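Q: Take a look at the letters that make up each chain.
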Amino acid sequence: MTRFIRKAAAIVLAIAFMAAPALALDRAAIVAQACGGPGSMTEAAAALTAGVATASKDDAAWAATLSGAAIERTLKCGSPPVIAAPAGARDAATLAPATSADGTSPLLSLKNRPLFETARAAATLFSGVTQGERGAALSALERRAGSLPPELFEKAADAETDVGLKERILGVGQAALLNSPDVSKRISAIERISVSADRRSLTQVAGLKTDPAYATDQAFKAAVDAGVASIERRLQISNALNTLYNGLSFASILFMASAGLAIIFGLMGVINLAQGEFIMIGAYVTYAVQEVLRAAAPDLLDWYLIVAIPIVFLATAGVGVFLEATLVRRLYTRPLMTLLATWAVSLLIVNLVRVGVGTQNLQFVTPSWMSGGHLLMGDFIVTWNRLFAIVFAAATLVLTWVVLKRTPLGLNIRAVTQNRAMAGCLGIATRRVDMMAFGLGSGLAGLAGLALCPIYNVNPQMGSNFIVDSFMVVVLGGVGTLAGTVIASLGVGQINVLIEPLYGAVAAKVIVLLMIIAFLQWRPDGLFAVKGRRK
Amino acid sequence: MTVAILVEALTVEFGRFRAIDDLSLAIDYGEVRAVIGPNGAGKTTLLDVISGVSRAKTGRILFDEKLELTRASEAQIARSGVRRKFQKPSVFEALTVRDNVEIGLGGAIDAVARERVDKTLETVGLAAEAGRLAGELAHGQKQWLEIAMVVVSEPKVLMLDEPVAGLTDEETERTSALIRALKSPERAVIVVEHDMDFVETVADRVTVLHEGRTLFEGSMARARADARVVDVYLGR
Amino acid sequence: MTDKAHILSRAFEDRIFVGVAAAVALAAVVVALFPGLSGYRVNIAGQLACFALLALSLDLIWGYAGILSLGHGLFFAIGGYVIGMHLLEHAVATTGVTPDIVQFMGWKALPDWWGPLESFPVALVAALGVSFAVAFVFGWVSFRSRVGGVYFAIITQALVYVAMLLMFRNDTGFGGNNGMTGFQTIFGAPFQTPGVAKGLAATSLLVLFAALVACRLLMIGRFGRLLVATRDDETRLRSLGYETLRLKLGVWCLSAVLAAIAGLLYVPQVGIINPRVLSPELSLEIAVWCAIGGRGRLAGAVIGAVLVNAIKFSLSATMPELWPFVLAGLVILVALIFPNGLLDIGRWRPTWISRPDVLQPGDAKP
Amino acid sequence: MSKFDRRSFLMTTAGLAAGAALPLAAPPLIRSARAAGPVKLGCLFSSSGTMANLEGRMNFVAKMAADEINAAGGVNGSTIEVVTSDPASDWPLYAQIGRQMLAETKVAALFGCWTSVSRKSVLPVVEQNDGLLFYPLHFEGDENSKNVVYVNSPPASSVLPAVDYLMSPDGVEAKRFFMIGSDYVWPRTINKQLKGYWKSKGIEESAWKEEYVPFSFSNFQTIVNQIRAFADAPGGKCVVVLTVVGSSIPDFMREFANQGISSSDVPVLGLDMVEADLEGLDTAKMVGHLNCWAYLQQAKGDANVKFLKSWSDYVTKTGAPFKKDVAIDPMVSTYDAVHLWAMAAKKAGSFDVPEVRKAFDGLSFDCPSGYKIGMTAENNYVSRGVFIGSVNETQGFDVLWQSPDTPKPVPMSQY
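From first to last, the protein sequence lines are chains S, X, E and Y. For the record, in the first sequence the residue sitting at position 464 is 464 according to full-length UniProt numbering, with numbers rising by one throughout. For the record, in the second sequence the residue sitting at position 150 is 150 according to full-length UniProt numbering, with numbers rising by one throughout. For the record, in the third sequence the residue sitting at position 119 is 119 according to full-length UniProt numbering, with numbers rising by one throughout. For the record, in the fourth sequence the residue sitting at position 344 is 344 according to full-length UniProt numbering, with numbers rising by one throughout.
The set of hints was computed from the structure by calculation and includes no laboratory data. Remember, it's a predicted structure, so these values are computed and weren't measured experimentally. Any given hint might turn out to be false.
Claimed, not checked - Taking lysine to aspartate or glutamate pairs in the EDC-like style, the calculated list, with each CA pair at most 16 Å apart, reads:
1) Y:Lys192 to E:Asp171
2) Y:Lys324 to Y:Glu378
3) Y:Lys201 to Y:Asp232
4) E:Lys108 to Y:Asp142
5) X:Lys57 to X:Glu8
6) Y:Lys146 to Y:Glu378
Said to hold, decoys possible - Facing chain X, from chain E, some residues (calculated, C-beta under 10 Å):
7) Arg238
8) Leu240
9) Glu243
10) Thr244
11) Lys312
12) Glu321
Positions of the beta carbon are idealized from the N, C-alpha and C atoms, including for glycine.
Make a model of the complete structure from these sequences and hints.
A: This is the structure:
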């Protein structure tokens with residue numbers, strides 16, 4: 001990576017040197033370069049980056065527009081080259097309205113893309129209207145600070161009016177001086193970098209050990225060593241956080257997939273092999289909600305996941321109740337037959353969806369609030385879609401717990417789970433409770449489907465991925481206990497994530513499953529068995 | 001005379017629930033002992049532990065003053081001569097009545113064995129039903145079939161868990177006659193039952209259990225007079 | 001299970017059994033001696049026989065002992081993989097052609113320890129021995145800790161899934177996802193020889209016939225009755241002095257070995273063995289075959305396996321869209337109307353749909 | 001055996017026996033088509049199971065190509081009838097149906113399979129029956145059967161040029177490689193050949209890392225973490241060589257983008273990635289990642305315009321459950337395959353496999369990719385052009401680079 005950056009930096013610097021005296025950007029020449037081959041496009045990007053520090057604010061704004069157009073392929077290299085925009089095409093050099101919008105758009109090569117991104121960010125740093133824009137541009141530049149001329153940051157800081165942002169710009173500028181000829185500047189750069197430590201900065205700082213000053217200058221050596229040590233410490237913490245987060249996110253998926261199963265299995269001893277298909281139905285209903293919103297209320301589209309929650313629950317619960325009433329109820333005394341019948345139902349559902357909707361992955365709009373992630377510290381990234389799944393699972397857990405412990409239905413479910421005959425004698429309509437519980441379990445599976453939409457592919461086959469895993473979680477936790485399901489999900493998720501980097505994903509899965517099988521031989525009733533007389 | 005079943009300081013727990021709490025008792029050969037008590041007193045649990053279905057937490061049970069039943073498997077216990085009829089009639093429904101009794105006898109089926117099976121079927125009054133499937137029998141017939149399966153092997157300790165539950169008066173009468181006929185100096189019979197009149201007709205002595213402990217031991221007549229027993233049964 | 005419907009009249013059952021056994025024997029004769037049959041049909045008959053044998057093996061433990069295994073594909077695969085290794089070694093020995101697997105696994109030659117499998121008797125013993133050993137260890141541990149019913153089903157499903165994941169890994173060393181293919185010769189004869197397909201199919205049918213008769217004799221005897229007793233009420237049987245662990249372990253191992261034999265016969269007829277046979281879906285389908293035909297009657301398993309697979313073969317080629325619906329419909333139909341399989345047709349009265357069951361405590365048994 | 005009516009016993013027995021034996025002797029379900037009438041071509045593409053989304057559309061492309069040929073008068077006086085099936089993503093079933101099509105339906109050629117393993121399972125069938133299988137996927141190479149026509153490219157003629165591009169100054173001067181693949185023969189063989197290639201270029205072994213995941217694996221969090229760590233380590237620009245298949249591709253790409261890695265940080269070269277894999281993804285964050293095929297939808301030329309229009313019309317006409325504005329390489333390869341077969345049959349004047357095979361030498365066809373693809377007598381490989389595509393915002397690929405001509409296919413890799 002570094003060699004590439006250095007090379008690019010060399011070009012940038014060379015051109016910056018050449019372009020330094022000119023205070024205005026040579027717009028026509030740069031546009032011509034941007035419309036040339038890959039080689040001249042590299043030069044265009046370099047000229048833009050180098051020029052913005054000394055250019056007028058107007059020129060900087062133009063530079064941001066041009067590089068943006070190149071990245072988004074709205075630059076049309078006709079004669080004259082224009083920038084296509086929804087409001088109408090504009091001349092690429094003057095930004096005056098243009099008549100024709102013809103011409104081909106050059107495709108950025110892999111090498112040129114980051115250069116234009118840098119140019120756009122640098123130009124925005126000078127010309128951005130709002131403080132937010134300039135801040136975002138600075139963040140984009142932060143990772144490539146070393147490849148930029150140091151005076152760019154000085155100039156930007158001079159021009160910056162916001163005190164906080166000015167401070168940040170100076171900081172980034174300082175960090176960019178890691179290879180500065182001045183040792184003291186290098187030391188302050190090291191200190192600066194060590195604060196926001198990730199693996200890339202470790203590579204950079206550790207790379208300074210080959211610096212001649214490392215052997216001669218005691219202070220420099222101490223700064224480098226301290227920097228490396230501090231970054232490594234932070235990396236360790238961030239790695240541990242990563243593992244925890246990954247484990248938690250996997251556990252939340254496992255929990256969502258098995259919560260409904262645990263209730264149904266615990267209550268009726270019925271194995272529902274169609275559980276995975278309820279998950280799939282949940283996802284498809286979510287999709288339907290999205291499409292309806294898209295047509296009826298596009299403003300709400302960003303919130304379709306939230307809007308869909310009650311609809312998905314009711315729809316899948318309805319399918320569950322229907323299944324219970326028509327099929328499962330007739331097979332209660334033959335649990336193993338239920339197994340086969342629900343397997344047939346799952347086959348039926350998958351194929352109905354396949355024929356009715358198609359086999360392709362459904363397209364979900366990623367809501368703006370769920371796209372991407374946030375780098376919390378070091379290497380530790382919190383991705384929003386996983387966080388959504390975790391929060392969603394936690395909320396589901398709380399709600400399910402409340403339903404089971406605080407509502408009449410929950411009381412009935414618990415009563416029937418513990419002693420069906422006695423509950424029946426006490427006047428509880430066990431048949432009705434079964435139906436409601438089956439509905440509840442199915443509804444939970446549907447919600448799992450909803451939570452999975454932003455993470456997994458949604459297609460008719462998706463349900464089958466969960467069957468073995470979720471059964472093992474339910475059995476491991478102990479049938480009929482929500483707490484057991486939670487603990488088992490957390491344990492399985494975390495152990496899986498711990499083993500994965502050591503032996504690979506397949507082996508992790510194999511080891512975890514074998515561990516569960518072995519554990520069940522030791523405790524056939526799972527972690528939290530409801531103890532009672534053996535029948 | 002040796003003691004057939006000797007229970008010493010027995011404690012059985014299910015999770016946090018203590019079904020049997022530091023129980024000790026002795027049952028002699030030749031007697032018919034009834035174990036009575038309210039629901040949850042630990043009667044069936046006691047039979048479960050003796051027959052090896054449930055495990056004790058502490059304490060031990062000696063059979064014939066030699067075999068420690070708390071350490072043996074269910075099959076070992078049964079083969080040593082301790083047999084039991086379950087609360088809910090447990091017969092093999094997909095097999096014939098004769099098959100059921102033959103399985104109860106165990107071992108190879110030769111002429112001697114066949115004769116014994118015939119005789120036992122005769123005793124319980126199921127000779128005419130020998131070729132039918134056990135699943136087709138009436139409830140009372142199933143009760144007797146299960147008794148036949150248990151007694152055909154001439155057990156030394158015979159445990160009967162609610163043998164007359166759900167039976168008509170006439171059937172109950174026949175069952176108590178059967179139990180009296182099974183009484184022998186080489187055999188101890190333990191009966192768990194709710195029907196007090198029935199208990200009175202068959203039992204030599206009764207043990208009243210309450211919350212896993214012995215509340216009373218003695219004859220049925222004295223049990224009926226005992227204030228604590230009356231209290232436990234009626235007081236709540 | 002207080003399932004009286006399960007009890008068929010014995011006369012009817014006997015008739016069906018003799019009919020099925022005779023049909024299998026007749027099919028063996030037709031396949032072996034009738035010259036006009038196309039190779040394709042012969043092959044189909046042979047494959048159906050293997051599936052029937054596999055279903056039969058599951059029926060022993062599910063139908064008679066009441067233990068549902070959702071992982072029987074594991075034993076089928078053991079047989080299949082061992083014969084696959086044998087055929088590859090055999091191909092190298094007779095033709096000298098390096099099989100594909102050597103090249104895509106990045107080996108120089110087949111692993112040394114496969115060497116002894118070049119001899120068919122060794123391979124046979126290995127297949128039976130490994131399946132027996134795996135079944136014994138897993139069965140002993142599970143039955144001893146009294147894992148049963150639905151739990152056993154789930155654990156066996158997880159077991160076969162684990163095996164599938166393992167075999168999908170290239171590093172496990174059995175060809176990964178591709179498995180083994182490219183078998184050239186069997187007993188020295190190239191696979192293209194017309195007699196080979198006939199021989200394999202006829203052998204499969206004869207083995208099926210022999211297994212049917214042997215299992216029948218075993219099941220109407222004392223062992224069979226004790227198994228049924230285990231299924232009906234295991235605690236009762238134990239308290240009559242029987243070590244049900246031994247009974248269950250015995251029939252479990254027997255069933256595993258039968259399944260391995262089915263795999264052993266199947267692989268040379270389809271020319272490939274790969275981890276697909278370890279997928280939980282296949283193992284579930286074996287149970288479906290048994291359930292459709294009718295459990296605990298031996299003949300039912302054979303009828304179910306043949307029926308389902310024959311429909312599958314013809315429909316997946318002619319009406320591919322329809323096939324999954326037919327299978328799903330068939331299973332639901334059987335579950336609702338013929339709770340004990342299609343053999344119930346003989347005693348079916350038009351109540352249309354069985355009434356809702358009432359669950360009793362202690363009823364939660366297969 | 002207890003008492004029952006002897007006659008009914010005999011009848012039942014005879015009935016069951018006859019029932020079992022009847023299918024063996026009965027006339028075929030599907031009549032032989034050897035006589036005059038349409039010539040049949042068989043398709044082995046799954047329309048259910050894990051491969052359905054990718055393979056399913058091929059059935060329609062084959063029919064579309066046959067319609068084109070029939071409209072132009074058919075072949076050797078016969079019209080073509082395409083017989084489809086559903087092997088349900090179940091590998092042994094491919095062999096089973098293949099056998100049935102060759103032996104019973106008497107198809108003149110088979111078109112099918114996506115994964116290597118399905119091809120490997122059909123291979124013995126076509127060899128034993130001396131049939132022809134047109135295989136439309138790029139694959140691991142190292143196979144050369146006279147009964148299989150390898151319509152797409154082996155790695156040496158497609159993957160290596162793409163990797164070369166990444167390592168060149170025009171690309172990103174890649175120095176380090178993270179290989180992540182599904183655990184089966186195609187990714188492993190590709191990676192083995194790549195490693196051999198890099199070794200031959202003097203690249204150290206520490207410059208690459210290999211990870212394999214099971215089929216339909218979806219939880220890529222940990223692996224993407226590893227990639228981030230690997231990419232940030234010293235030693236030069238890192239690229240990801242992605243050889244996961246099926247539903248793992250979109251799952252990987254989504255996690256990759258969500259963890260904030262863009263193509264300008266670490267580019268991904270997705271070797272099995274097609275437009276269909278991007279359906280449902282927010283590709284704005286994935287712009288610039290690469291794939292590499294012998295055809296891209298953006299290929300220039302009249303042949304492509306015509307092909308895309310035919311496909312769009314065909315989907316509209318038949319209501320096929322696939323997008324009418326998405327065309328992927330294997331579709332084009334299937335389309336090419338049907339045309340190549342028809343040209344060979346016409347040239348041979350016969351539908352017999354040995355005759356058709358002899359006619360392969362010197363065939364050439366104007367592929368929608370814009371290249372003139374061709375075959376030689378040397379082997380059953382087809383020489384095709386190579387494209388490198390770059391993901392764009394609209395879930396498609398822009399052509400970033402394409403080979404100047406059609407490189408000669410190299411079946412057996414030297415690495």
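Q: Now tell me if each hint is right for this structure.
A: To see whether the hints hold, each was checked on the structure:
{"no.": "1", "hint": "Y:Lys192 to E:Asp171", "result": "holds (14 Å)"}
{"no.": "2", "hint": "Y:Lys324 to Y:Glu378", "result": "violated (37 Å)"}
{"no.": "3", "hint": "Y:Lys201 to Y:Asp232", "result": "violated (23 Å)"}
{"no.": "4", "hint": "E:Lys108 to Y:Asp142", "result": "holds (15 Å)"}
{"no.": "5", "hint": "X:Lys57 to X:Glu8", "result": "holds (12 Å)"}
{"no.": "6", "hint": "Y:Lys146 to Y:Glu378", "result": "holds (10 Å)"}
{"no.": "7", "hint": "Arg238", "result": "holds (4 Å)"}
{"no.": "8", "hint": "Leu240", "result": "holds (5 Å)"}
{"no.": "9", "hint": "Glu243", "result": "holds (5 Å)"}
{"no.": "10", "hint": "Thr244", "result": "holds (8 Å)"}
{"no.": "11", "hint": "Lys312", "result": "violated (31 Å)"}
{"no.": "12", "hint": "Glu321", "result": "violated (41 Å)"}
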